[in-house]
Amino acid sequence: MSAVVEALTPARYRPRELHSFESAGTHFVYLVPSGAVFALDKIGLEIFDRVKEASPTKEELTAYLLARGYQTGEIDTALSELEYSEVILLGEAVPEKPKLPEKTFPLQRIVLNITNQCNLACSYCYEYSEDRISKTEGKPKFMSSTVAESSIDMLIRESGSRPSVHVTFFGGETLLNFPMLRSSVDYAKRKCAEAGKQVEFSLTTNATLLTEQVVDFLAEHRVGVTVSIDGDRELNDRMRVFSNGAGSYDVIVPRIKMLLERHKTNSIGARVTLSSGVSHVRRIFEHLTKEIGFYAVGFSPATANPNRLYSIGETRMGNVLEGFEDLAWEYRDSAIAGRHHGFTNVNDTLKELHSGISKAYPCGAGLGLLGVGTAGDINLCHRFVDSDVGQMGHVQKGGVDHGARDQFLRTHHIGARYDCHTCWARPVCAGGCYHEAFIHYGDTSSATLHYCDWIRGWNDLCLRIYGEISLRNPSFLDRFSDN
Amino acid sequence: MHSMKPINRKARKVEAAVIAATGDVEALQMRGGEGKIYYPMGCTLNFTPGWEVDVSGGTAGLCQPVERDLFDCHLGCGWPAQVPDHLNNAPDWTDRCAAAANDWRKVDIVFP
Chain V
4 MSAVVEALTP
14 ARYRPRELHS
24 FESAGTHFVY
34 LVPSGAVFAL
44 DKIGLEIFDR
54 VKEASPTKEE
64 LTAYLLARGY
74 QTGEIDTALS
84 ELEYSEVILL
94 GEAVPEKPKL
104 PEKTFPLQRI
114 VLNITNQCNL
124 ACSYCYEYSE
134 DRISKTEGKP
144 KFMSSTVAES
154 SIDMLIRESG
164 SRPSVHVTFF
174 GGETLLNFPM
184 LRSSVDYAKR
194 KCAEAGKQVE
204 FSLTTNATLL
214 TEQVVDFLAE
224 HRVGVTVSID
234 GDRELNDRMR
244 VFSNGAGSYD
254 VIVPRIKMLL
264 ERHKTNSIGA
274 RVTLSSGVSH
284 VRRIFEHLTK
294 EIGFYAVGFS
304 PATANPNRLY
314 SIGETRMGNV
324 LEGFEDLAWE
334 YRDSAIAGRH
344 HGFTNVNDTL
354 KELHSGISKA
364 YPCGAGLGLL
374 GVGTAGDINL
384 CHRFVDSDVG
394 QMGHVQKGGV
404 DHGARDQFLR
414 THHIGARYDC
424 HTCWARPVCA
434 GGCYHEAFIH
444 YGDTSSATLH
454 YCDWIRGWND
464 LCLRIYGEIS
474 LRNPSFLDRF
484 SDN
Chain B
198 MHSMKPINRK
208 ARKVEAAVIA
218 ATGDVEALQM
228 RGGEGKIYYP
238 MGCTLNFTPG
248 WEVDVSGGTA
258 GLCQPVERDL
268 FDCHLGCGWP
278 AQVPDHLNNA
288 PDWTDRCAAA
298 ANDWRKVDIV
308 FP
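Protein chains in written order, with my numbering: chain V, 4 to 486; chain B, 198 to 309.
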């Protein structure tokens, strides 16, 4: 019956799944799920607009274009180009089933939670706040060098043919376990050299324990550093306090300045956590880049149950997007003038848009990245370390639990996230952070639905900026092409 | 492409695939599509020197005589070469040439 109906009803053109946007007077399409960005030429735009408005048959569309002065040859060429690139479609779409990754996906990075202790008591911290999921009772406070070395051995073993691997040190406050960090760096360098691999390091710190000796070590071994800081004294000290309630700003700023002065061998970035009282994006950015001297600053809202006092809430998230937009346009102006701009959120998104990424998973957790707790328990990522969720083995007892890892990857694939199936932003988002989903919905496989509008808004903004840079200063984008 | 211009790296890959699938035919080219090599079709694959003139534009420098080349184009590839009309006026043109590689000298010149 349906075949008969199909034979009697001429097929109609319709737009494929995509997001169209305009920038600097040019019309672009962002194709889903490929992630390709095209600028429509005159005939391309006329066809696209007509298809969108009228869902014409091939005859109707051809007649329309002939009447507008196009020749048959160019019409045919344009139609086949637009169909093959999946901008428009004649007839019905058959959805493609996304492919699962290879089971032997090689590990690229481990995050070692080298301590679960911290000398600060930031109200929003997911490791200590009311939303904590890690169960550190009975676990050592500090990771031993034996556990760290087993973890590094596991990384090398599981990294397959990758030419380079990455070790990230995390906490707690990482530098509380600096002696172990130092010996791990030496061990990893030696073992990776034996295995013929490159190794890179990075760490996150609250900067309270940075000394000249520590910084010189980090510089010597090219350890990338992310410093957690939330802005000027007033803003930083609202959340980032010692356990006696005293603010950390005055302790960390001289140390950060010394770090920026002495460590030039790898990137040093500031990481700002936005929360209920701390959402002044421009003020924070200006302070951190101009007053303190950071080269790059990234922002992220605190992960929190919406009932928490420090939860940023919808209204403030609106303000945050406005603040982001303001800085993003400034980034665009710098890019067009060929200058650096330190707003990493834009930079990171542009990098993904430029490569045309189409993600099967929101991030590398469980895929190319695993977290290791102080006792050696392997978990999805550093945010789940020592929790009941996302357990994937033990570094000294059998290594990675591949069964658990495969099971996780099967159930968290974009193909299994039904909420995302009609969203145009899924090639870059793929459902959002597992930890964010778990805190909000109690389920790592849920999409982070409370951020959907925000993520689409953000990606639309970045696409418009990307489009404009591609027209006005395309050579700026070469910086995103190196890998 | 005529209807749009690729902007990001993925779009350039899509463009290559589209051109491979929809591009026009070019003489003596076989399109292999993305990731495959392009190679010319025709007499060069028949282990003959192929082209009808040498570097000087004449025929003296060819390593096989021009008659052999024309003959092979005509029978081997069905290329519309300037050869005698095998069907009507000169049906016996190649009678004494059983194997071109050996008997090419026996291919006659035909005068209309």
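Hints may be right or wrong, so weigh each one.
Said to hold, decoys possible - Label-pair distances were calculated between CB atoms; the ranges are:
| no. | chain 1 | residue 1 | chain 2 | residue 2 | range |
| --- | --- | --- | --- | --- | --- |
| 1 | V | GLU99 | B | ASN285 | 50 to 58 Å |
| 2 | B | ALA296 | V | LYS45 | 56 to 64 Å |
| 3 | B | ARG302 | V | SER164 | 36 to 44 Å |
| 4 | V | ARG285 | B | LYS210 | 32 to 40 Å |
| 5 | B | ALA214 | V | ASP463 | 20 to 28 Å |
| 6 | V | THR268 | B | LYS210 | 44 to 52 Å |
| 7 | B | ALA295 | V | LYS61 | 52 to 60 Å |
| 8 | V | ALA96 | B | LYS210 | 18 to 26 Å |
| 9 | B | ALA214 | V | ASN308 | 41 to 49 Å |
| 10 | B | PHE308 | V | LYS45 | 56 to 64 Å |
| 11 | B | LYS210 | V | GLU328 | 24 to 32 Å |
Stated by the list, open to error - So these bits of chain V aren't anywhere near chain B, every CB distance computed over 10 Å:
| no. | residue |
| --- | --- |
| 12 | ARG15 |
| 13 | PRO59 |
| 14 | ASN122 |
| 15 | GLY227 |
| 16 | ASP240 |
| 17 | GLY248 |
| 18 | SER270 |
| 19 | ARG311 |
| 20 | GLY316 |
| 21 | MET320 |
| 22 | PHE479 |
Quick caveat, the hints were computed from the structure, so don't treat them as lab data. Heads up, the beta-carbon is just placed ideally off N, CA and C, and yes, glycines get one too.
Comparing the hints with the structure gives:
Checked against the hint of 50 to 58 Å, the pair GLU99/V and ASN285/B passes, with Cβ atoms roughly 56 Å apart. Range check, ALA296/B to LYS45/V: Cβ separation about 58 Å, and the 56 to 64 Å hint holds. Judged by the Cβ atoms, the range 36 to 44 Å given for ARG302/B and SER164/V is violated: they are separated by roughly 59 Å. Range check, ARG285/V to LYS210/B: Cβ separation about 38 Å, and the 32 to 40 Å hint holds.
In this structure, ALA214/B and ASP463/V meet the distance hint of 20 to 28 Å, their C-beta atoms being roughly 26 Å apart. The hinted range of 44 to 52 Å is not satisfied by THR268/V and LYS210/B, whose Cβ atoms lie roughly 35 Å apart. At roughly 54 Å, the beta carbons of ALA295/B and LYS61/V sit within the given window of 52 to 60 Å. One distance hint, 18 to 26 Å for the beta-carbon pair ALA96/V and LYS210/B, holds here, with the actual separation near 21 Å.
Range check, ALA214/B to ASN308/V: about 46 Å between beta-carbon atoms, so the 41 to 49 Å window is met. Judged by the Cβ atoms, the range 56 to 64 Å given for PHE308/B and LYS45/V holds: they are separated by roughly 58 Å. LYS210/B and GLU328/V have their C-beta atoms about 31 Å apart, which keeps the hinted 24 to 32 Å range intact. For ARG15/V, the requirement that its beta carbon stay farther than 10 Å from each beta carbon of chain B is met, with the minimum near 19 Å.
The beta carbon of PRO59/V is kept farther than 10 Å from every beta carbon of chain B, the shortest such distance being approximately 16 Å. ASN122/V, annotated as away from the interface, keeps every beta carbon of chain B farther than 10 Å; the closest lies near 44 Å. Distance check for GLY227/V against chain B: the nearest CB is about 25 Å away, which clears 10 Å, and the non-interface claim stands. No beta-carbon of chain B comes within 10 Å of the beta-carbon of ASP240/V; the shortest separation is about 42 Å.
Here GLY248/V stays apart from chain B, with its beta-carbon at least about 49 Å from theirs, past the 10 Å limit. No beta-carbon of chain B is positioned within 10 Å of the beta-carbon of SER270/V; the least distance is around 23 Å. Against the 10 Å criterion, ARG311/V stays outside the reach of chain B, whose nearest CB is about 39 Å from its own CB. GLY316/V, annotated as away from the interface, keeps every beta carbon of chain B farther than 10 Å; the closest lies near 35 Å.
The Cβ of MET320/V lies farther than 10 Å from every Cβ of chain B, with a closest approach of about 28 Å, so its non-interface assignment holds. Remark: the non-interface label on PHE479/V is consistent with the geometry, its nearest Cβ contact in chain B lying 13 Å away (cut-off 10 Å).
Going through the hint list in order, the structure does not satisfy hints 3 and 6.
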